[in-house]
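For this one, chain W is given, so just place chain B on it according to the hints.
There are 2 protein chains.
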Amino acid sequence: MDDLLFRTAVKPSDPDAVRRIVESTGFFYPYEVDVAVELVDAHLAEGEASGYHFVFAELGGETVGYGCVGPIACTQSSFDFFWIAVHSRCRGRGVGRHLVEACEARMRQLGASRVYVETSGREQYEPTRRFYLACGYQEVAVFPDYYAPGDAKVVYLKVLGPAI
Amino acid sequence: MDDLLFRTAVKPSDPDAVRRIVESTGFFYPYEVDVAVELVDAHLAEGEASGYHFVFAELGGETVGYGCVGPIACTQSSFDFFWIAVHSRCRGRGVGRHLVEACEARMRQLGASRVYVETSGREQYEPTRRFYLACGYQEVAVFPDYYAPGDAKVVYLKVLGPAI
Chain W
272 MDDLLFRTAV KPSDPDAVRR IVESTGFFYP YEVDVAVELV DAHLAEGEAS
322 GYHFVFAELG GETVGYGCVG PIACTQSSFD FFWIAVHSRC RGRGVGRHLV
372 EACEARMRQL GASRVYVETS GREQYEPTRR FYLACGYQEV AVFPDYYAPG
422 DAKVVYLKVL GPAI
Chain B
272 MDDLLFRTAV KPSDPDAVRR IVESTGFFYP YEVDVAVELV DAHLAEGEAS
322 GYHFVFAELG GETVGYGCVG PIACTQSSFD FFWIAVHSRC RGRGVGRHLV
372 EACEARMRQL GASRVYVETS GREQYEPTRR FYLACGYQEV AVFPDYYAPG
422 DAKVVYLKVL GPAI
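Chain order of the listed sequences is W and B.
So the number in the numbering used here is just where the residue sits in the first sequence, counting from 1, plus 271.
So the number in the numbering used here is just where the residue sits in the second sequence, counting from 1, plus 271.
If we strip away everything but chain W, and leave its shape as in the complex, we get (with noise of 0.2 angstroms):
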């Protein structure tokens, strides 16, 4: 993977990549897919005070994976990671561990403290959530049929540093 770069500037083609990487996971819904194109364009719309940071990983000058952060309303240094999202092309070979420690540093340097990811406790996302508690992150809540009926959230945390 020597040649994994990340990038955190936004493209125009960025809405189409994050397109591309969303629906080829087969993960989510239609209307999921369009949200997560949504926070693209509303960061190349309104930049940084969007609230939507991007990490970007590129292999060999394709985008492959991406990942969405951004600050909580009404906290002091709480972070929401909104979006991980890898190529299904390129899974299985760490891209998405880099992705998250890349997305962690850019995070840092934007002051964060604490990040919440939140996934659903559908059998579906079982890797997803042994993915999050492999990269350090720490399950501190469920809310049993929150998505839907049998369909629960479940809420991850990583300290990433005292607040500041």
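These aren't lab readings, by the way, just hints derived from the structure by calculation.
Take the hints with a grain of salt, since some may be wrong.
[As the list claims (entries may be wrong)] Distance ranges between label pairs, derived from CB positions: (1) Ala344/W - Val430/B: 19 to 29 angstroms; (2) Gly407/B - Ala419/W: 16 to 26 angstroms; (3) Ala419/W - Gly322/B: 16 to 26 angstroms; (4) Glu319/B - Val306/W: 35 to 45 angstroms; (5) Val430/B - Gly297/W: 23 to 33 angstroms; (6) Glu410/W - Arg393/B: 16 to 26 angstroms.
[To be verified] Far from chain B, some chain W residues (derived; all Cβ distances over 12 angstroms): (7) Asp312; (8) Gly365; (9) Ala376; (10) Arg385; (11) Pro420.
[To be verified] Below are the SDA-like pairs computed for lysine to any residue, each with C-alpha atoms no more than 20 angstroms apart in a straight line: (12) Lys429/W - Asp351/B; (13) Lys429/W - Pro415/B; (14) Lys429/W - Gly421/B; (15) Lys282/W - Ile343/W; (16) Lys429/B - Asp351/W; (17) Lys429/B - Gly365/W; (18) Lys429/W - Asp351/W; (19) Lys282/W - Val304/W; (20) Lys429/B - Lys282/W; (21) Lys429/B - Lys429/W.
For each residue, glycine too, the CB sits at the ideal point set by N, CA and C.
Same frame as chain W, but now just chain B:
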């Protein structure tokens, strides 16, 4: 309290009313007051498409309290109880309890099955937390240091009915 009335239509005078009510409580930081008013502005500009729904309590023709609720994106029928506030002049008279019930009735109309409320774990919010418990809400999660060091987020849930 025979003369307590509720309305869901939002009037052009409501942003001012909400500012007055929220400020009177002495509970909120100035930027939080601004957020409260922005949600009313959003409803006036975009209507129900804003995602923010209101119930206003009127006593003797004056708006003395309000609640703001809305569906949680990407959930089937979970709602957030964003705000509830009663003018300090009218506290201790049960307006809050009636307002919660009116907001729950409104959420049922809108298809809600589960209502989540978040508040602070700070000492100052102890009456707030007791209020939610008294209204039939259950504490379902605590996130220490969420808002700031020593300032936890506490989440309450009330199940309004089965998801349809």
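Go through the numbered hints given earlier and state which of them the structure violates, listing their numbers in rising order.
-> 4, 10, 11, 12, 15, 16, 17, 20 and 21
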